Amino acid sequence: MLFMQGDADESNRMRTDLNHLPEPKQRELAEIVRLIRAQAEVLHIILYGSYARGDWKEAKDLKPNRWSGHASDYDILVIVETEEQARDLAFWNRLERECNRQGFSARVSLIVHDLADVNANLEEGRYFFVDVKREGRLLYGTEGFDLAEPRDLTPEEEQCIAQADFDNWFERAKEFYENYEFNYGKGKLRPAIFNLNLSCPG
1 MLFMQGDADE SNRMRTDLNH LPEPKQRELA EIVRLIRAQA EVLHIILYGS YARGDWKEAK
61 DLKPNRWSGH ASDYDILVIV ETEEQARDLA FWNRLERECN RQGFSARVSL IVHDLADVNA
121 NLEEGRYFFV DVKREGRLLY GTEGFDLAEP RDLTPEEEQC IAQADFDNWF ERAKEFYENY
181 EFNYGKGKLR PAIFNLNLSC PG
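Note that my numbering has the sequence shown beginning at 1, numbered continuously upward.
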């Protein structure tokens, strides 16, 4: 099944085939692309995560008495041209809800970034964006708006990035621990354990 590629350039070096997915899944993804493009000017639409890798799970694949885990989403990265477009959260949340009203076999989860932000993260070798580019499937792309490659960082840049990451996650860990203490004090053991686990990143 062919997907709309716009004028996607080979220099993106992203896979575009979805042969690892059943035909109904491919049709659903084509409809998601149509819905997004009908309402927004976008540069790229990328499927990432388990449906891109081929290790997705549906509700029928999950154990009924599991402690954690859920059916896989259609994880979609939408890349737009400007920061203003990316920051219009009300619009993108509304579009995500519209996609999910269609009754697809998997929940649609949209994240939106402008091209400059994506490329800055790629150049710095940020794992999430590098993984998206390496494992993702380009569902729609526009020529002339290529995705960057990781570059060699100076020791000073590496230290700055590492410190910013540490500061961010340390603050997040403190918030999780505060939630653990609150829930434990209320006798809510399940959310207490969940937040305690999140406060101790491995």
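Hint data in this document are derived by calculation from the structure and do not stem from the laboratory.
It is possible that some hints are incorrect.
Claimed, not checked - Straight-line distance between alpha carbons at most 25 Å, and here's what the computed BS3-like set of lysine-lysine pairs gives:
| no. | residue 1 | residue 2 |
| --- | --- | --- |
| 1 | Lys174 | Lys188 |
| 2 | Lys60 | Lys25 |
| 3 | Lys25 | Lys57 |
| 4 | Lys174 | Lys186 |
| 5 | Lys25 | Lys63 |
Keep in mind that this is a model prediction, so the values were computed, not measured.
| Does Lys25 pair with Lys57 here, judged by a C-alpha cut-off of 25 Å? | Given that 25 Å is the threshold and the Cα spacing comes to 13 Å, the pair holds.
| Between Lys174 and Lys186, is the straight-line Cα distance small enough, at 25 Å or below? | With a Cα-Cα distance of about 19 Å, the restraint between Lys174 and Lys186 holds, given a limit of 25 Å.
| Is the hinted pair Lys25 and Lys63 satisfied, with a Cα-Cα distance of at most 25 Å? | OK: Lys25 and Lys63 at ~22 Å, within 25 Å.
| If you draw a straight line from the CA of Lys60 to the CA of Lys25, is it 25 Å or shorter? | holds, 16 Å
| Taking only the CA atoms, is the gap from Lys174 to Lys188 under or equal to 25 Å? | holds, 19 Å
No hint from the list above goes unmet by this structure.
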